[in-house]
Amino acid sequence: MGELLIVLLYFGGPIILLAVAFFAGNSIAKKHNKRMEDRQQVVAHIRYTDLKRYIHPHTGSPPPELLCAEVTLGIDHFRGFLGKLKNIFGGEVISYQKTLDRARREAILQIIELAHAAGMNAVANLRVEFVDISGNANRTKKASMVTILAYGTGYCSKQDAQDPIAV
Amino acid sequence: MIVVNTETLPGYEIVQSLGIVQGNVVRAKHMGRDIAASFKNIVGGELKGYTELLTEARRDASARMIAQAGELGADAVINVRFSTSAITQGAAELYVYGTAVKLSSSGSAQPKAAVEGIPPPLPVS
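Line by line, the protein sequences are chains R and C. The first sequence lines up with residues 1 to 167 when you count with this note's numbering. The second sequence lines up with residues 168 to 292 when you count with this note's numbering.
One or more of the hints may lead you astray.
Straight-line C-alpha distance at most 27 Å; calculated DSSO-like pairs for lysine-lysine [said to hold, decoys possible]:
(1) Lys-84(R) <-> Lys-269(C)
(2) Lys-269(C) <-> Lys-52(R)
(3) Lys-98(R) <-> Lys-84(R)
(4) Lys-34(R) <-> Lys-215(C)
(5) Lys-86(R) <-> Lys-30(R)
(6) Lys-207(C) <-> Lys-31(R)
(7) Lys-98(R) <-> Lys-34(R)
(8) Lys-269(C) <-> Lys-98(R)
(9) Lys-31(R) <-> Lys-215(C)
By construction, these hints were calculated from the structure, which means they are not laboratory data.
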């Protein structure tokens, strides 16, 4: 009985923490994905490319402008734990990959929304960069997170994203 | 000042290149933010403190770059690039650089806040 209590005390805390992280992390990620899908509908007409040139720009319109967005997402305790486990055997670390995907998608969506808010319907030369603000490179950090910086040039195009173009 | 990360500007003609303009900032958040972020990190989700850190750094660096371009009498900064480096834990260096150019007078640029939160520079006489 006493031994059981010790085992519970020893492993109980971390397991509860993992469980909380698993459920809360999953629900946060799901809600975020759902929210992004809804937001995407509103700005579906905006064309965004990573081409350096403008596609059918409106010359009489307001000048193009630089749009920037940054997003920092935490990798929850459970996914971090999974990632570390996976690291022992090697292979694809899906838990990190999904968080990165979500952060990039959010950043790009923010850029598109900025363009929409400025009355533009296209974004050219969209760049997405990973920023290391946690000092992960030095391996001195415990908490892991991903930070994405996205930027592009918003402009007015004569055609919406639904219209086919000759590139 | 028009700021873009493309090489051309529709409706404008680039008449003179004034060279590279740049701005950099190293910023850190106070420890309280770091601790709050580490708690938030248990369940994941957006760490707003660090997002803010980067937004502020980006604004400051852009403002410095635009001020430099203003001193040169540029109409626009083109081909802007962002570059970051991890100096130390919890701090971010943001370096922004671009090419300051003069545009043809036919398409003279309307001063406008190209970067949100930064007032447009005074027109250069």
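Structure-based check of each hint:
no. : hint                     : in the structure
1   : Lys-84(R) <-> Lys-269(C) : 52 Å, violated
2   : Lys-269(C) <-> Lys-52(R) : 20 Å, holds
3   : Lys-98(R) <-> Lys-84(R)  : 15 Å, holds
4   : Lys-34(R) <-> Lys-215(C) : 19 Å, holds
5   : Lys-86(R) <-> Lys-30(R)  : 23 Å, holds
6   : Lys-207(C) <-> Lys-31(R) : 16 Å, holds
7   : Lys-98(R) <-> Lys-34(R)  : 14 Å, holds
8   : Lys-269(C) <-> Lys-98(R) : 44 Å, violated
9   : Lys-31(R) <-> Lys-215(C) : 17 Å, holds
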